[in-house]
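Throw the hints in and build the complete structure from the sequences for me.
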Amino acid sequence: MVNNSPFVVKASSVRSVMLRVLLALMPGVAAYVWFFGAAILVQLALASVTALAVEAFMLSLRKKPVMLFVTDGSALVTAWLIALSFPPIGPWWLVVIATLFAIALVKHLYGGLGQNPFNPAMGAFALMIVAFPQLMSQWSAPGITDLAVQLKLIFGLRELDAVTMATPLDALRTALHTGATSAAAAGQLPGAGLIAGKGWEWVSAGYLLGGLWLMQQRIISWHIPLAFLAALGAMAGIFQLVDASRFAGPLFHLFGGGAMLGAFFITTDPVSAATTPRGKLIYAALIGALTWVIRTFGAFPDGVAFSVLLLNICVPLIDMYTQPPVFGHKKK
Amino acid sequence: MSLRHLFKFNGGVKPVTHKSESTRNPIGKAPLSAELVIPLHQSIGGTPRPLVQAGQQVLKGQIIGAADGNVSAAVHASTSGRIKTVEMRRMPHSSGLSALCVVIEPDGEEAWIEARPIAWKSLPPDEVRDIVRDLGVVGLGGAVFPSHLKMKGSSKTPTRYLVINGAECEPFITCDDMQMRERADGIVAGAMIIRHMLQAEQVLVGIEDNKPEAVAAMQAAVSKSGVTGVEVIAVPTRYPAGGAKQLIRVLTGIEVPHGARSTDHGVQCFNTGTAFSVHEALDLGRPLISRIVTVAGNVERPRNFEVPFGTPMRDVIALAGAKPDSDRIIMGGPMMGFVMPGDEVPVVKATNCILVGSPSLFPPPPPEMPCIRCGECSKACPADLQPFELYWYSKSKIFGKAQEYHLFDCIECGCCSYVCPSSIPLVDYYRFAKSEIWAREAEKAASDAARERYEFRQLREQREEEEKAARLAAKMAARKTAEAENPDGGRPKPDMGDLDDEKKALIAAAMERAKAQKESGATTEGNKE
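So the protein sequences, as listed, match chains U and S.
Residues in the first sequence are numbered from 27 upward in steps of one, following our numbering.
Residues in the second sequence are numbered from 52 upward in steps of one, following our numbering.
Please keep in mind that the hints were generated in silico from the structure rather than gathered at the bench.
For every residue, glycine included, the Cβ atom is placed at its ideal position computed from N, Cα and C.
Heads up, a few of these hints could be off.
Stated by the list, open to error - Cβ-Cβ distance ranges computed for the label pairs, FRET-style:
no., chain 1, residue 1, chain 2, residue 2, range
1, S, PRO415, U, SER247, 28 to 38 Å
2, U, ILE339, S, ASP119, 50 to 60 Å
3, S, ARG502, U, GLN141, 39 to 49 Å
4, U, LYS356, S, THR279, 43 to 53 Å
5, S, GLY304, U, SER247, 22 to 32 Å
6, S, PRO308, U, ARG41, 35 to 45 Å
7, S, ALA150, U, LYS89, 41 to 51 Å
8, U, LEU94, S, LYS59, 31 to 41 Å
9, S, GLY393, U, LEU94, 30 to 40 Å
10, S, ALA496, U, ALA157, 56 to 66 Å
11, S, LEU57, U, ILE339, 20 to 30 Å
12, S, HIS56, U, ALA270, 46 to 56 Å
13, S, LYS65, U, ILE339, 48 to 58 Å
Claimed, not checked - Listed next, the stretches of chain U that the computed footprint assigns to chain S, with coverage defined by at least 3 CB atoms under 8 Å from CB atoms of chain S:
no., stretch
14, 32-42
15, 138-149
16, 290-304
17, 349-355
Here it is in structure tokens:
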């Protein structure tokens with residue numbers, strides 16, 4: 027019996043929030059499978075099993091109710107984000123180690139659900155790309171969707187080189203570094219698509235669709251996705267105006283790499299993101315701008331992970347300086 | 052309906068209203084109970100002093116407790132009868148604490164005191180306010196703030212708006228709704244008195260748009276009375292639209308900050324029920340001795356009743372018929388109400404609703420999960436707070452930070468707890484933090500007082516010592532000058548040898564005293580000083 031008001035509550039739970047996030051990832055996953063084969067499903071399964079096992083283990087170590095928290099869906103969201111941001115034909119232990127690191131260290135060592143200052147999936151991505159830059163950069167070329175081949179690759183029965191290629195983002199940065207023009211780099215790649223690499227643009231569109239649904243469900247607000255995409259697009263647009271032969275345009279950046287996944291699913295992670303309306307705009311815009319900088323001048327294929335982690339550190343500061351005015355204390 | 056431009060307050064929630072169940076029947080009249088237990092303390096402020104003794108006969112409406120100071124309101128006999136006793140009884144409060152109550156055994160005569168209309172238009176305002184206080188009128192919206200204190204305009208700002216609050220946003224509660232439907236004339240008349248007292252330019256009656264009958268009745272009453280400058284306005288149904296600050300904001304756009312007097316911002320707000328009581332008090336001379344109470348929730352026949360104060364809640368619930376699986380009695384609504392310690396506690400001025408609960412009607416919430424900072428609570432907060440930040444700071448007992456994040460602007464409406472996906476009882480944390488801060492402030496005040504007392508004592512002791520030393524020095528100096536003036540006469544000049552002799556003499560005398568004492572002590576054993 028509840029002794030204190032309110033005695034009525036709205037039907038909502040952490041689990042329903044997390045499950046809807048997973049559901050929103052489905053269109054992107056479907057496009058992923060369509061263009062790049064079922065390997066990603068294997069990776070998703072590997073990550074999910076690892077996440078649930080590590081979550082249960084850590085919860086029992088911390089003497090927390092295991093079933094209550096394992097079934098809250100938060101570990102699955104982390105697992106899926108890891109699998110979706112990793113190369114689909116990477117060796118199996120890549121996502122397994124990453125997921126273990128994300129759940130055990132980035133999440134539970136900081137106090138578990140709701141307590142982690144860093145986005146667990148992006149923490150794991152950063153670790154693995156620093157530790158295994160080579161493996162993390164091997165992406166399958168669209169068209170090679172034979173599951174048997176993919177499984178052999180994942181479980182280490184076949185060498186990677188023959189079937190992989192650089193992502194469009196990677197190709198572009200290499201071109202920039204070697205002095206080739208972006209138009210040539212982006213357009214003449216075997217994987218070039220309509221706007222941002224064959225297949226990838228559709229996966230991004232899938233994430234966009236799922237993200238818009240999350241907004242409609244009021245699970246995420248418009249602030250973070252909009253500010254992130256606007257800042258990334260603006261940076262790309264400005265530099266394209268400066269030198270179109272060297273810098274790729276906004277559409278390429280928005281639909282290439284992890285931009286859409288980042289905009290709707292990673293930067294919006296409420297635990298590690300800014301919480302005030304103005305804070306969210308600042309937080310996401312800085313991630314967007316930083317992503318462009320890292321993509322263009324950095325040493326790694328994509329910049330979302332590092333940008334997110336850097337801004338995660340800034341969240342307490344951003345929140346502190348962007349507190350919205352309280353009722354009756356507003357300046358006229 | 053008025054086409055007035057309305058403002059919005061941020062946040063708010065839309066729980067199921069459950070209002071139709073208790074509005075199907077007209078307001079019923081609760082019969083007299085075998086005894087009425089009337090607490091003396093029924094309003095904010097000082098506890099009224101009892102004016103009656105056991106055995107005494109009282110008339111209906113007779114004053115039984117006089118206001119204690121200006122921030123207080125008188126209490127009256129709800130019916131005629133005999134004073135059974137004046138004693139401690141359990142209060143309708145979740146603490147279960149007892150307070151002084153006047154227990155009346157009704158004689159069934161319902162014999163009124165002589166009630167005379169008050170000439171409020173011609174009397175000086177201060178006198179009218181005193182009369183309102185002595186007729187026991189307090190805010191019936193739930194806060195039971197003495198009304199006479201609010202019937203005074205600001206010295207700085209003219210009162211532009213008088214807001215009459217008929218929003219009644221809490222689920223289940225319909226007492227204001229039914230009163231507006233049935234007694235709109237009295238409410239309008241009361242509003243006119245308050246407008247006169249405040250010299251308010253405009254009267255805005257705000258009613259949530261889920262009460263079209265009440266809106267229509269109020270509009271009809273306004274037209275009938277022929278008064279001008281009164282608008283009846285339907286406001287969007289969204290909890291807590293009936294919070295005074297929220298309704299003022301919606302109707303006028305004015306935001307009254309926490310701790311500020313709303314009259315300083317040109318607006319004052321009264322509940323419809325309070326306006327009706329003001330009318331009864333001043334136009335008819337009748338004190339506040341009963342109110343309309345909604346009985347709802349897990350009962351067979353939810354309905355509103357006019358209940359004399361002091362009636363045990365169980366008697367009122369019996370009129371509506373509690374279902375067998377009932378497990379608790381809540382005073383107020385499901386968003387802000389309090390669980391009663393028992394069913395014998397009396398209906399008081401603050402009792403707008405007796406809500407009977409059951410495990411199926413108000414099921415226990417799912418287990419509390421950690422906060423994931425999703426921000427649902429900030430979106431729902433009508434005070435524009437960041438409830439999850441307050442939660443973190445309250446939970447970790449960082450009360451200074453909690454205050455920095457405006458803990459005391461929280462109106463405890465419950466919206467944040469209502470929406471929290473982690474099922475965190477957020478309001479409980481704020482109540483805890485507030486009470487801790489109050490306790491610490493009281494403690495600090497007490498220790499400050501103790502320190503001041505101690506320091507004063509030290510100061511006094513030091514002063515006394517200094518005075519003593521000064522006196523001694525003066526004496527010595529006087530003796531010295533005397534000796535200097537008269538070196539040969541008087542006492543011999545003190546030197547070491549003389550001093551020794553003096554000491555010897557003193558010691559001898561002391562020894563003699565001790566000897567004498569010892570001798571007497573042998574006869575009277577243990578006779579020590």
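Going through the hints against the structure:
1. PRO415(S) - SER247(U): 28 to 38 Å: Given range 28 to 38 Å: holds, Cβ gap about 31 Å.
2. ILE339(U) - ASP119(S): 50 to 60 Å: holds, 57 Å
3. ARG502(S) - GLN141(U): 39 to 49 Å: holds, 41 Å
4. LYS356(U) - THR279(S): 43 to 53 Å: Check failed, 33 Å falls outside 43 to 53 Å.
5. GLY304(S) - SER247(U): 22 to 32 Å: The hinted range 22 to 32 Å holds for GLY304(S) and SER247(U), with Cβ atoms some 25 Å apart.
6. PRO308(S) - ARG41(U): 35 to 45 Å: holds, 39 Å
7. ALA150(S) - LYS89(U): 41 to 51 Å: holds, 44 Å
8. LEU94(U) - LYS59(S): 31 to 41 Å: holds, 38 Å
9. GLY393(S) - LEU94(U): 30 to 40 Å: Cβ of GLY393(S) to Cβ of LEU94(U): about 35 Å, so the range 30 to 40 Å holds.
10. ALA496(S) - ALA157(U): 56 to 66 Å: holds, 59 Å
11. LEU57(S) - ILE339(U): 20 to 30 Å: Check failed, 43 Å falls outside 20 to 30 Å.
12. HIS56(S) - ALA270(U): 46 to 56 Å: holds, 50 Å
13. LYS65(S) - ILE339(U): 48 to 58 Å: violated, 38 Å
14. 32-42: holds (count 9)
15. 138-149: With 4 residues close enough to chain S, the hint holds.
16. 290-304: Since three or more residues must qualify, the claim that chain S covers the stretch 290-304 of chain U holds, with 5 doing so at under 8 Å.
17. 349-355: n = 7 at 8 Å, threshold three: holds.
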